[in-house]
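Student: With the hints as constraints, model all of the structure from the sequences given.
4 protein chains.
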Amino acid sequence: MNFASDNVYGVHPKILASLSEANAATSPSYGGDSFTARAEERLKEVFGCDLRAFLVTTGTAANGLSLSAITPGYGAIICNAEAHISVDECNSPEMFTGGAKIMGLQGTGGKITPAQVEKTLKGFIRGEHDPKPKGVSLTNATELGTVYSPAEVTAFSRLIRPRGMKLHMDGARFANAVAGLGVTPAELTWKAGVDVLSFGATKNGAMMLEAVIFFDLSLAEDFAYRRMRSGQLISKSRYLGAQMLAYLEGGLWLENARRANALAQKLAAGLTRTGTVRIPNPVEANEVFAVMPRSLYDRLLASGAMFYDWMPDSLGGAIGDHEIFTRFVLSFATPEDEVERFVQLVAAG
Amino acid sequence: MNFASDNVYGVHPKILASLSEANAATSPSYGGDSFTARAEERLKEVFGCDLRAFLVTTGTAANGLSLSAITPGYGAIICNAEAHISVDECNSPEMFTGGAKIMGLQGTGGKITPAQVEKTLKGFIRGEHDPKPKGVSLTNATELGTVYSPAEVTAFSRLIRPRGMKLHMDGARFANAVAGLGVTPAELTWKAGVDVLSFGATKNGAMMLEAVIFFDLSLAEDFAYRRMRSGQLISKSRYLGAQMLAYLEGGLWLENARRANALAQKLAAGLTRTGTVRIPNPVEANEVFAVMPRSLYDRLLASGAMFYDWMPDSLGGAIGDHEIFTRFVLSFATPEDEVERFVQLVAAG
Amino acid sequence: MNFASDNVYGVHPKILASLSEANAATSPSYGGDSFTARAEERLKEVFGCDLRAFLVTTGTAANGLSLSAITPGYGAIICNAEAHISVDECNSPEMFTGGAKIMGLQGTGGKITPAQVEKTLKGFIRGEHDPKPKGVSLTNATELGTVYSPAEVTAFSRLIRPRGMKLHMDGARFANAVAGLGVTPAELTWKAGVDVLSFGATKNGAMMLEAVIFFDLSLAEDFAYRRMRSGQLISKSRYLGAQMLAYLEGGLWLENARRANALAQKLAAGLTRTGTVRIPNPVEANEVFAVMPRSLYDRLLASGAMFYDWMPDSLGGAIGDHEIFTRFVLSFATPEDEVERFVQLVAAG
Amino acid sequence: MNFASDNVYGVHPKILASLSEANAATSPSYGGDSFTARAEERLKEVFGCDLRAFLVTTGTAANGLSLSAITPGYGAIICNAEAHISVDECNSPEMFTGGAKIMGLQGTGGKITPAQVEKTLKGFIRGEHDPKPKGVSLTNATELGTVYSPAEVTAFSRLIRPRGMKLHMDGARFANAVAGLGVTPAELTWKAGVDVLSFGATKNGAMMLEAVIFFDLSLAEDFAYRRMRSGQLISKSRYLGAQMLAYLEGGLWLENARRANALAQKLAAGLTRTGTVRIPNPVEANEVFAVMPRSLYDRLLASGAMFYDWMPDSLGGAIGDHEIFTRFVLSFATPEDEVERFVQLVAAG
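Protein chains in written order, with numbering that gives the first Met the number 0: chain A, 0 to 348; chain B, 0 to 348; chain C, 0 to 348; chain D, 0 to 348.
Fair warning: there could be bad hints in the mix.
Identical chains blur together in the list; that is why a pair holds if it fits in one copy or across any two.
Straight-line C-alpha distance at most 20 Å; calculated SDA-like pairs for lysine to any residue [as the list claims (entries may be wrong)]:
hint	residue 1	residue 2
1	K118	E151
2	K118	Q105
3	K43	A219
4	K121	R160
5	K43	L247
Worth flagging that the hints you see were computed from the coordinates, not collected in a lab.
All values derive from a computational prediction rather than experimental measurement.
Tutor: So, in structure tokens, the structure goes:
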């Protein structure tokens, strides 16, 4: 029973097969291959628009590179205090942007609001003594398993675009957000004002694959240089393109996400039924965050179940001394019966 | 007939199979998996010493990260003017090191000498107006298909170690150097004073895999932070570990290199026999650099053969107006009959 | 009546005279002059210890350079949320350190506590996914006009030194802290565990002069390179040395600070007597922070008095809707009668 | 007899007096003062155009900041191999630009040619594997005491502007170039296509003062942030403005430069007359570079004369084993009789 992360599961068989298929013959390297070109074309179809897509190997690189296209080192990026770019990437955004400030606002349920951003922007009154606000980054689905709807995303865009700021979406779990919301990829991105998207695939069935997708094409100028300079231009690039082709083929990416999301709903419902566990935030993607007694937590870990405790900062104090905040991540490959067995284990307490 | 690069060929079947085998079950992520741990252990056996190994996805990242461990931003790294770190990585070493100077010296046949380095170091006489010399980087096998012997490497180490400088080896084609020289990996690295090695695998049969290997263990302190910060810590890390295990298993890495090197010898001998092509440098690894008439060059390209022309800077002017300098790279997977056919094509002129 | 900042006042006449005296004859440049050498010797006497001092022109540079000596780009520096390095320097610490994280903790009265730092350090549990904590920076006197005593400083040092972290003091108003506490410079720095000090002079009577002073001499290694690289090595360096000599001569620096501090006490006492203004924090240096009715604020500004309103974050909500938080800075050169007139102006309401 | 550098001399009395005059009363800080505003206005008059000027304290900072406005970290700046930005600033341009490549071309007499730049640009054929060429930097007067004429500067601009590249002039000795050429500041800068100028004052009589002057106003956007972030925004900014006002007042800057240049002519003529010293490059500003016998060099140094030997790289081998290449810098304040005495000393050999 492993709910530690979606990245503890392997690669979807179709994506693995695609790597083997790509292995025949020679192929141009450094992004000049036909797999990469077709992957970009397929992404245009998926998003229903013109765009520029750059394949990379990690979400941290995708985020750092995305942000480097929207802020110089003297700029600031506003995000949720628990955003991956703020607390999980070892100053990587600072490295990629040349030192920009990542300003984390304390949100609720993993989400910040346009009103918070507006208030923050009003604090930038001292010219060059402050950094220059250059962008907002929204994680969708969020680090707490919630989602921003197209309308919510649009509200950020309406606020910041007139100020010359850009909107980034960290979509490490973008598929889960799209599946959870039942919207189109277009509705959740460029139609809602997203300028650049970190389009995740690794957590959702790929081996190592993310794409930086520019809807604001002007931001893509020189981006090939940025990717190369950061050591993210893969020589045998066909193996990134091949992963992406399989990931998109026949809607595999959404199919995987829907399965993971459904398991999250099942787990959440099961845990709630036990009566010993609280689920403070809505479960809108493939993660379940639960408050449980420490005694239960200890018993579950002792039984071999794998999951993490989580920083309760976002709960606003609504947690008791003998409670613990925990995270469960469901994957395209999580066995359904493990969810059932886990709920039974909780209920057996 | 594709001699453009060793990276236009695919992945060795055994390495591809290893990826599939690694796909079962769940596995800890971010380098905590058993594949990665075993890969490091195997590297210790291969090199016959204690070491620290960090797996990454590209040679550019391996080099930049290696250099970041030996120089701060106010430092200088001395290398050959044609070194990959100097002219092929879009300022990536500068990004990873925070702005260090990459000083390329004009070498011969892809190689610099300790005497050149010593003379250069004598020029650092103005204290902090110059950067501080912090390291030397040798590419082995070199960008021109030659190799540094253990004795040659040792001479650099003897020169710089007493000055507190570190020795880096860019081993994107390290296997070809070891195979070409008929030495042990230990003899060519730590026994010769190498402090950190970019151990390449991608060009020699892996999909995307390089290792930063520290023989000076003190340099490895905090290196996990450096790798994470640069977006090079892969979440599903088992797929790097699995590649490395297969790459080393049964000496596959050297077997591949020996095959490629042998094809290079065959090509060089064949081209020389034609009488229309000069090979100015010794062929010591898996690359052949040839001076040919432009008319021949045009005919070969027109026939569909794929290879690059090369900057003739290292030839010291020994090239005629109607000649062109060209590069042929042989791979573990290059069909032997293509070498034969290509020689016939040249001879048919 | 100008209480906007201590930097709106000019240069002390003795320091100005020192510049003229230094103007005769030729002098070695780039720090090789005798003024600079003597300034370093005098600082050793003032601090009663061996040390290394590097003169620069701004406090922002002094801070950024100091921090660059104690943290790499993957590190973190812990400070008060209102610290100058956190909110007043336009990402300068990030530039100088190559991207380190400046973690501001919400303090009280401009001060953080060792317990806060300890709790923060306990959150660094995820290895390289977090940055590596490398230092604590205390501003003394603080941005809110309070001071850390030697005992308080020592408590930070005792906490972090065993963890390999370094202690920086931003002493833009160091003289005011020393004067306010009635301690020796040694007691407030190296005896209390400070490793590196930004020793301010500009605000307290110099023209443009700060010193980076290393008590941990190992941190000074290579620092000359850092200073040069940042464009802070002045060619006609004698004019920094001459400022420092005059600043220290006969205790001018402490004399200036004592005068400014005394004016702050006078202002605080006068404002308190009026009964319409609250002073929430102790006045321990040369700044007075006051909560006043907005109507009074408007009247004072209209009368031509110059001072700033301030972010009330540190007040913990203890401010009414019709109130405003304001800052008054007293300088070595503030006319005493302006303090008196200002108090009368407030009282006249 | 000190010919070591123009920065070994002090501050012109009028500039020193201006600092004293600026000392009265309070003044807004951080560039908001009237001295700074008037200095910018005066620079507009001097250059006869609209411009944006930013005052800083060192030439290294002026250069680094200028370059940061024209190249990102993945860019390249082309200059002469002996340019200050290439060999005298300890990787400072790399720090300010976030890692751009400074490509030094071996010139003649301190100068490169448009043809050299054009040939270099033709080598950028590999897309993002190379950095992106973003600018050319010309030092004027050059590091070897020669000058680029307006026509020569224009030729660079005509070459690079159509390619989207920008032209920077390192004018640490700009006054000497203008004076030497007998042209207007406008003719040598914006009329010749210069986009940004490091306008030096320190070497020519100021205390610590340079200006970054943008003729391409679009480059000045956000530049205030860049200056602040680098620790170059002086709090008591009036003392930079006051220096600049005095430097420009009544043409002092050109008067100083003319005097220094005339002394250089006098020294060159005198040395040539002795018959024992060769002057390989034209003397066009305030520096004289001379090839002399080592025996003479030793005798001169022993007599107490101060000057530097210089790297003979630019001489193209035209120097004998027993000869040495030397530099003599003349300043606005160099006593004329010292020039005469030095020539006599040489002649007495």
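Student: Each hint should be assessed against the structure and marked as holding or not.
Tutor: Okay, the hints, checked on the actual structure:
no.: 1; hint: K118 - E151; in the structure: within (17 Å within a copy, 35 Å between copies)
no.: 2; hint: K118 - Q105; in the structure: both (13 Å within a copy, 18 Å between copies)
no.: 3; hint: K43 - A219; in the structure: within (15 Å within a copy, 37 Å between copies)
no.: 4; hint: K121 - R160; in the structure: within (15 Å within a copy, 39 Å between copies)
no.: 5; hint: K43 - L247; in the structure: within (11 Å within a copy, 40 Å between copies)
Checked against the numbered hints given earlier, the structure satisfies every one of them.
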